[in-house]
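J.: Residue strings, one per chain:
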Amino acid sequence: MNVLGLYNYWVVIALMMTGFYIVIAHGNLIKKLVGLTIFQTSVFILYISMSTVTGGSAPILKEGITLYSNPLPHVLILTAIVVGIATTALGLALVVRINEAYGSIEEDVIQQKDDEV
Amino acid sequence: MMDLFSSLAGGSLLFAGSFLCLSSAVGTLRFPDFYTRIHAASVTDLGATLILVGLIFYSNEGIVTAKLIMIMLFILITSPVASHALAKSARHSGLKPLIYDKKFKNR
Amino acid sequence: MEAFILLALLSFLVLTAIAITRLTDLFAVVMLSGIYSLISALLFVVMDAVDVAFTEASVGAGISTLLMVSSLRLAGRYERPSRHNPILGFFVVLVAGSLLIYATLDMPSFGSINAPIHQYVAPHYIDDSMKEIGLPNIVTSVLASYRGYDTMGEVAVIFTAGIGVLALLSISRRRSVEREKTEHGRMHEQMILRIVSKALIPFILLFALYVQFHGDYGPGGGFQAGVIFAAAIILYAMLFGFPAAERVVNFSLVRLLSAIGVLIYGSVGVVSLISGENFLDYTALAADPVSGQHLGIMLIELGVGITVASVMMIVFFTFNARALQRKEKYL
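Protein chains in written order, with our numbering: chain A, 1 to 117; chain B, 118 to 224; chain C, 225 to 555.
Certain hints may be false.
To be verified - From the derived model, a few chain B residues whose C-beta atoms are all more than 10 angstroms from chain C: (1) P149; (2) H201; (3) A202.
Unchecked claim - Here are a few chain C residues that face chain A, going by a calculated C-beta distance under 10 angstroms: (4) V269; (5) V274; (6) L393.
These aren't lab readings, by the way, just hints derived from the structure by calculation.
Backbone N, C-alpha and C fix where the C-beta goes; we use that ideal spot for every residue, glycine too.
Throw the hints in and build the complete structure from the sequences for me.
T.: Put into structure tokens, the structure is as follows:
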């Protein structure tokens, strides 16, 4: 068990769990979306820290550099970042419509109004 | 000799720039009022400019120097405008600056 | 030394995340999430992922913060503190976190060259991409050529999000545009902002074009360029009012452009299919394979840039039109 080499991942897991906690424990819909964004970004940090090579440089080919970081997770995370913003935009549009329909974006108020009907 | 001089100049400018950024951060935390805090936060313009000028001494290619100068110009133009926008919108929303008067405390 | 910087940045991230949990003013929460994205972009730079850092800074710290502030305007600024007991949430999070930490005990340590992730496909990309595709930026050649399918799916996802936002929030805007044409935008007194941004917006647009076409040689590409382009137009719209922005970029044209971007991407694939190769095989596009790859990558990056720019503009304009309509209902 290599503590010094693994603390990076543990901090990222702590961030993931913070985002997860915000999603499950807070009632406000916009705050849940912010927590989801925190979760997503910490997953990105996990992937990118898996792809680094100590002593390597950015994956842009240049004369005189022999060791490069792994470009494949970079590509995956680039896609993931843009997909994340797309889902966030759609989620925010849904929140706006929910606000117009129910008058509030607190989860318990919405649940209550639904139960009344 | 020229190498030593340029790296020394670059290093001292980097040091001065980071000291200014650090003092700006301390000021943002310690100043009593919103407007004084904006003033403290806007010192980072000068700090970032000094850091960039210090980096120019370390660059080996002309294209890197040109890019650094362009970034420096951009930061010099936009960062004071951002502080101005903050202060103006705060004033527009009615936030009053903290004025100490000898007769009335915390007016 | 680098370990110290990594440790400092990671601790900033943790502090920001904890602060987001504790605050109830959603405006401060959104600003802190912008800071969170910016610090993680710094972290990506320290970890040598420059393309990813560029995208995260422009998309996460720029557009995402903007969209959330726009939706705060429509939804409400303060969070009501919840009355539930958070103990169950803590417990679930603790169990999940400890299981994940147990799972990482088998992972190779940070930065080791012998990790399995570096062994199979990555050396092929690093060694052979110069011969097969001829671009210095390996990330662009993997994104656009080796993994072109995934990027097409991504462009389709962005387009779908644009359609979704339009379906949920768009209104018929004839009436509101007419009324606003006679008055200035609300930012008319902000003279300094208007003058400086009027001087800077052409350079921002030029920078977006630079990022688009130099994605082959340095960090950049279609996504970042599209976001920067959209940010310039959104800045203009915020400062000079939406009727003025409508005169610069016609809204129906923007909607058409978002579909044209996806169409360009798909047509490149279909053209290679018709020429006898596989779908999205760029070697069929020109006389010799390497220049075919260059042409194919340039075309699809163009498609990606057009779609991303127009979808970001669509989302922002739609949110704003909804806010204007609601203001009119209350006037």
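J.: Decide, hint by hint, whether the structure agrees.
T.: The hints, checked one at a time:
1. P149: The claim stands: P149 (chain B) keeps its Cβ more than 10 angstroms from every Cβ of chain C (closest is about 20 angstroms).
2. H201: The claim breaks: H201 (chain B) does not keep its Cβ more than 10 angstroms from every Cβ of chain C (closest is about 6 angstroms).
3. A202: 6 angstroms, violated
4. V269: At about 9 angstroms, which falls below the 10 angstroms cut-off, the nearest Cβ of chain A leaves the hint on V269 (chain C) intact, so it holds.
5. V274: At 5 angstroms from the nearest chain A Cβ, V274 (chain C) passes the 10 angstroms test, so the hint holds.
6. L393: Holds. Min distance 5 angstroms.
Hints 2, 3 from the list above are not met by this structure, while the remaining hints are.
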